Amino acid sequence: MSVSAPEAAASPSRGFRLDLKTAGPLLALILLVVLGYALNPLFLAEGNITNILTRSAFIGIIAVGATFVITAGGIDLSVGSMAAFIAGVMIIVMDWAVESMGVSIWTVLMGIGCSLILGIGAGFVNGFLTTKAKIEAFIVTLGTMGIYRSLVTYFADGGTLSLASEAREIYRPVYYDSFLRIPYPVWVFIAVAIIGWVLMNRTAFGRYCMAIGSNEHVARYSAIKVDRVKTWTYILQGLCVSLATIIYVPRLGSASAATGVLWELEAIAAVIIGGTVLKGGFGRVGGTVIGALILTAIGNILNLTEIISNYLNGAVQGVIIVAAVYLQRGSLGRRKKAAE
Amino acid sequence: MAGQGEPAAPVVLAAKRVSKAFGEVPVLFSIDFDIRPGEVHAIIGENGAGKSTLIKILSGLERPTSGHVELDGQPVELPPDGQAVNLGIVVIHQELNLAEHLTVADSIFLGRELKSGPFLRLREMREEARRILETLHVRIDPEARINTLSVADKQMIEIAKAISRDARVLIMDEPTAVLSVAETETFFEQVDRLKAKGVAIIFISHKLDEVMRLADRVTVLRDGQLIATVGTEALTPDSIAQMMVGRELSNLYPPKHEPDVDADTVLAVRNLVAPGVRDVSFALKRGEILGFAGLIGSGRTAVAEAIVGLSPVESGEIVHKGAPVRFADVSKSVAAGVAYMTKDRKGKGLLLNANLKDNLTLLTLKRHFKGPFLDDKSETRALERAVRRFDIRARDPSVRVGQLSGGNQQKLMLGKMMEAEPDIIIIDEPTRGIDVGTKQQLYHIIAALAAEGKSIIVISSEMQEVIGLAHRVVVMREGRIAGILEGAEITESEIMRYAAGIKQGGENERISA
Numbered sequence: 001m002s003v004s005a006p007e008a009a010a011s012p013s014r015g016f017r018l019d020l021k022t023a024g025p026l027l028a029l030i031l032l033v034v035l036g037y038a039l040n041p042l043f044l045a046e047g048n049i050t051n052i053l054t055r056s057a058f059i060g061i062i063a064v065g066a067t068f069v070i071t072a073g074g075i076d077l078s079v080g081s082m083a084a085f086i087a088g089v090m091i092i093v094m095d096w097a098v099e100s101m102g103v104s105i106w107t108v109l110m111g112i113g114c115s116l117i118l119g120i121g122a123g124f125v126n127g128f129l130t131t132k133a134k135i136e137a138f139i140v141t142l143g144t145m146g147i148y149r150s151l152v153t154y155f156a157d158g159g160t161l162s163l164a165s166e167a168r169e170i171y172r173p174v175y176y177d178s179f180l181r182i183p184y185p186v187w188v189f190i191a192v193a194i195i196g197w198v199l200m201n202r203t204a205f206g207r208y209c210m211a212i213g214s215n216e217h218v219a220r221y222s223a224i225k226v227d228r229v230k231t232w233t234y235i236l237q238g239l240c241v242s243l244a245t246i247i248y249v250p251r252l253g254s255a256s257a258a259t260g261v262l263w264e265l266e267a268i269a270a271v272i273i274g275g276t277v278l279k280g281g282f283g284r285v286g287g288t289v290i291g292a293l294i295l296t297a298i299g300n301i302l303n304l305t306e307i308i309s310n311y312l313n314g315a316v317q318g319v320i321i322v323a324a325v326y327l328q329r330g331s332l333g334r335r336k337k338a339a340e
Numbered sequence: 001m002a003g004q005g006e007p008a009a010p011v012v013l014a015a016k017r018v019s020k021a022f023g024e025v026p027v028l029f030s031i032d033f034d035i036r037p038g039e040v041h042a043i044i045g046e047n048g049a050g051k052s053t054l055i056k057i058l059s060g061l062e063r064p065t066s067g068h069v070e071l072d073g074q075p076v077e078l079p080p081d082g083q084a085v086n087l088g089i090v091v092i093h094q095e096l097n098l099a100e101h102l103t104v105a106d107s108i109f110l111g112r113e114l115k116s117g118p119f120l121r122l123r124e125m126r127e128e129a130r131r132i133l134e135t136l137h138v139r140i141d142p143e144a145r146i147n148t149l150s151v152a153d154k155q156m157i158e159i160a161k162a163i164s165r166d167a168r169v170l171i172m173d174e175p176t177a178v179l180s181v182a183e184t185e186t187f188f189e190q191v192d193r194l195k196a197k198g199v200a201i202i203f204i205s206h207k208l209d210e211v212m213r214l215a216d217r218v219t220v221l222r223d224g225q226l227i228a229t230v231g232t233e234a235l236t237p238d239s240i241a242q243m244m245v246g247r248e249l250s251n252l253y254p255p256k257h258e259p260d261v262d263a264d265t266v267l268a269v270r271n272l273v274a275p276g277v278r279d280v281s282f283a284l285k286r287g288e289i290l291g292f293a294g295l296i297g298s299g300r301t302a303v304a305e306a307i308v309g310l311s312p313v314e315s316g317e318i319v320h321k322g323a324p325v326r327f328a329d330v331s332k333s334v335a336a337g338v339a340y341m342t343k344d345r346k347g348k349g350l351l352l353n354a355n356l357k358d359n360l361t362l363l364t365l366k367r368h369f370k371g372p373f374l375d376d377k378s379e380t381r382a383l384e385r386a387v388r389r390f391d392i393r394a395r396d397p398s399v400r401v402g403q404l405s406g407g408n409q410q411k412l413m414l415g416k417m418m419e420a421e422p423d424i425i426i427i428d429e430p431t432r433g434i435d436v437g438t439k440q441q442l443y444h445i446i447a448a449l450a451a452e453g454k455s456i457i458v459i460s461s462e463m464q465e466v467i468g469l470a471h472r473v474v475v476m477r478e479g480r481i482a483g484i485l486e487g488a489e490i491t492e493s494e495i496m497r498y499a500a501g502i503k504q505g506g507e508n509e510r511i512s513a
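Top line first, the protein sequences correspond to chains A and B. For the first sequence, the numbering used here assigns the number 1 to the initial residue and increments by one for each residue that follows. For the second sequence, the numbering used here assigns the number 1 to the initial residue and increments by one for each residue that follows.
Next comes chain A alone, as it looks inside the complex (with noise of 0.2 Å):
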């Protein structure tokens, strides 16, 4: 009967890649803390500590919403332009209601049921898109995006939206208030992630997303109902961002076409980072995590030393997407090597 010789084969090395792969990202964050003190100790203060992780909040959070997309062979482009688009008109609907309502905790509720309806609806529109009309993920959401950025650059007519100061005096605290010392939009991110990381590991659909993105058809015929678990991709992926953008609104009160620019290429480069497959078939939460806290991390190190110029932020954060992505893609050829 069969013997498992070449089988076992690709045996030696497997181990410790994997561990390599899972703990590659949180080591490098490590080191960056470690790099990031020694260049300069304020980096430790709680202050700068807060300071980092809200920041990361937005990203972060949209990231685990591309997660799900990106593990499922997906990729959504839109998630800037919609972010932009959904805070431009949360501010009208909420200057709306301050105007002819007057001003109560309901404006902002509003402002927020009206983020989750066009955040959900948005992600909708991505996935029937993708699935039902069946045109590649890539040139819907390339789409959708031009049409988000543009409606927002439109309905401030080329200028900046602003929320009413009354209403902004009552939404401020949902960003710059805290809960056992923690910062309102760390809570947010935090429970996103924990919900996220659930998801991904411990329920069906997670798993179904890793099929899909492995292999449509074996998923199709393994009885997954591809085209529903593909768009709920999408919707959980705008909620994300809907989720997001209630924290950030009340940070400038403001929207403009500058609002999220190229924060579709910072949550992918999250998910990349974290070791999530470009390509689909493998995905990881808690690796988007940690390459959220890295992206935010290396800015923040910039900021507060001199030795590379703040500006140049894009260039370093470049540079370890494509390590990053090196190292992984690295370790895979080595182990195909192995196997055969």
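In short, the hints are calculated from the structure, not lab data. Computed from a predicted model, the values in this text were never measured in an experiment. Incorrect hints may appear among the rest.
[Said to hold, decoys possible] No farther apart than 30 Å at their CA atoms in a straight line, the calculated lysine-lysine pairs in the DSSO-like style are these:
1. A:LYS225 x B:LYS321
2. B:LYS357 x A:LYS225
3. B:LYS343 x A:LYS279
4. B:LYS348 x A:LYS134
5. A:LYS279 x B:LYS357
[What the hints assert, rightly or not] Here chain A is said to cover these stretches of chain B; the calculated rule only asks that three of the stretch's residues, wherever they fall, bring their Cβ under 8 Å from a Cβ of chain A:
6. 89 to 101
7. 318 to 331
8. 362 to 368
9. 371 to 380
Beta carbons are placed, not taken as given, at the ideal position from N, Cα and C, and that holds for glycine.
Dock chain B against chain A, hints included.
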């Protein structure tokens, strides 16, 4: 034991005491192997015996750990990454390596285009391609795109490519695995032609009859050891099989238990029309194994996919346990107890990058919930059960399924389907590309399932398999049923006659046959 009847042409390519280990795991032990011009040398052995590793060493894709390779009697270190082509050693892999969007002529000249300065000499390459294809007696347009060709034609292009490279040694890994009977015959003719030209041909095969038909010498490997190199004339399929497994394979096929005459009809298909299916009617009884034979593309898989809802039914009736049904998708058919196991285990059956457990439970994940969450323990138990029941062998359960041998993948896929506890099981090509020992196991499992009262449809291009397993055989041709055979009628020649369209007719005319 080396073949004495060979002409004394000097050896072209040889392996001398070649051993290979991956890390600490040895896969080949001191193998001697040689081939002469104009000779066909088959390498056979079970999955995992080391055949693929041996041909990788002979073609330079792997370095031997000890021992060496000789070309024309001189020790050589073959260049890696397929560059051995320049020395006249050409490999045709099981998964054909053709760029789907290129034309035939482009493919044949890929990597060694004819050029004038920086420009391609397109017309010249087209003409040359046409000439090469003519010498092979195949009618393929040099300007056709690869993705418009059949698998058999693609393989011919690979052979044409090898010829255009003046191959001295042609190495083929299971060349006929994806070919139909007629295509295989054409392929054999090509091999004879190449042989007459003095090309040395090494091929791996699981099909003993074709080894007997083609090879001059046979090398048998088992567990990485060289068991024997023997002249084919001294062999019978039985003796080869024995050498491969190291024990006697007395009964490859289990005895047939005919279903009761008055057993219920569990599935009746009437005048089914679907993509690739034109008017198909048949009935399946409880406890029956119904074989589906026919050429590749005759519509057998299309019938199965229409029944389980993978492709739309255009008209006709499917009656399942007395009630007309039309399954909208696989989840519906599985829920009703009708399961289909695809023939394309790598493309449609298994997630090669996932582990055994995730693959096993993918079809039936809903059975492993604890509240809204997945119950890992329950999944692990399911895997333990399946491993025991289907004798799935993996180094450890966390390996990726892509690293398993074909036989173990097939068993895992069967296990995955059986997790759904279906009553009607449609198995498409149950043993494609797997070794004879595992085949025997699978046949016994299939027969045991039928004996339990499950009803089974076996679609197979290996006629022996259909004949050995099925109680009745449906022969399809061009989307229609050409004939349904029973009892003593089930013979290779009879199936072939219907499959090739020499004989026609539904059940009524058939009686005179």
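Each hint, compared with the structure:
1. A:LYS225 x B:LYS321: The given pair, whose Cα atoms are some 26 Å apart, holds under the 30 Å limit.
2. B:LYS357 x A:LYS225: Roughly 20 Å separates the two Cα atoms, so the pair holds.
3. B:LYS343 x A:LYS279: Satisfied, since the Cα-Cα distance of roughly 25 Å is no more than 30 Å.
4. B:LYS348 x A:LYS134: Satisfied, since the Cα-Cα distance of roughly 20 Å is no more than 30 Å.
5. A:LYS279 x B:LYS357: holds (22 Å)
6. 89 to 101: violated (count 0)
7. 318 to 331: holds (count 3)
8. 362 to 368: It holds: at least three residues are needed, and the stretch 362 to 368 of chain B offers 4 whose Cβ sits within less than 8 Å of chain A.
9. 371 to 380: Since three or more residues must qualify, the claim that chain A covers the stretch 371 to 380 of chain B holds, with 3 doing so at under 8 Å.
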